[in-house]
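Just need the whole structure built from these sequences, with the hints factored in.
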Amino acid sequence: MESNFQLEISRKGHEYHINLHGVFDGASAFELLEAIQQGEKQGLTMFIDTTHLREALPFGQTILEFHLPRDSNRQKLNFIGLRAEAILPKGCRLLDDHHKKGHKCTGDCKNCRCRRQAKAKTNITHKAS
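Sequential numbering from 644 applies to the sequence shown in the working numbering.
Hint data in this document are derived by calculation from the structure and do not stem from the laboratory. Please note: incorrect hints may appear among the correct ones.
Said to hold, decoys possible - The calculated lysine-lysine pairs, modelled on PhoX-like cross-linking and capped at a C-alpha distance of 20 Å, are: (1) 684 x 719; (2) 684 x 655; (3) 719 x 655; (4) 733 x 719.
Claimed, not checked - Okay, the calculated beta carbon distance ranges per label pair: (5) 701 x 657: 27 to 37 Å; (6) 681 x 646: 14 to 24 Å; (7) 673 x 733: 15 to 25 Å; (8) 646 x 710: 18 to 28 Å.
Predicted model only: the values in this text are computed from it and were never measured. For each residue, glycine too, the CB sits at the ideal point set by N, CA and C.
Given below as structure tokens:
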């Protein structure tokens, strides 16, 4: 069976960068957990980039949330990218870079500012008519 998921890991000083590619599901969550454990052993601050995920399935987030130890330093886990909010475990940090100028929003992230802004513009347009 062909894998629909890949991890790219790089280290820059005290930072551990994990780039996710493809479809994030339950098996992908276990791969990410292994990578996180490696970074934790070294005491590094981790950045998990979801920019290149095509899809983030809810089951993947559930697995990640359930199996990420509560006693781990979740504040050292920084999630970034378009699908970051979809896989973000409780206690981890969401770095909001995907709502910057020029991003391609799909409007499916929780509390999406772009969707709220578009809705507000629509309401203003309807009131003006």
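Here is what the structure says about each hint:
Under the criterion of a C-alpha separation no larger than 20 Å, the hint pairing residue 684 with residue 719 is consistent with the structure, at around 12 Å. A distance of roughly 16 Å separates the Cα atoms of residue 684 and residue 655; the hinted pair therefore holds under the 20 Å criterion. For the hint linking residue 719 to residue 655, the alpha-carbon distance of about 15 Å falls within 20 Å, and the restraint holds. The hinted pair formed by residue 733 and residue 719 meets the criterion: a straight-line CA distance of about 12 Å does not exceed 20 Å.
Judged by the Cβ atoms, the range 27 to 37 Å given for residue 701 and residue 657 holds: they are separated by roughly 32 Å. In this structure, residue 681 and residue 646 meet the distance hint of 14 to 24 Å, their C-beta atoms being roughly 19 Å apart. For residue 673 and residue 733, the Cβ-Cβ distance of about 18 Å falls inside the hinted range of 15 to 25 Å, so the restraint holds. Restraint check, residue 646 to residue 710: a C-beta distance of roughly 19 Å satisfies the suggested window 18 to 28 Å.
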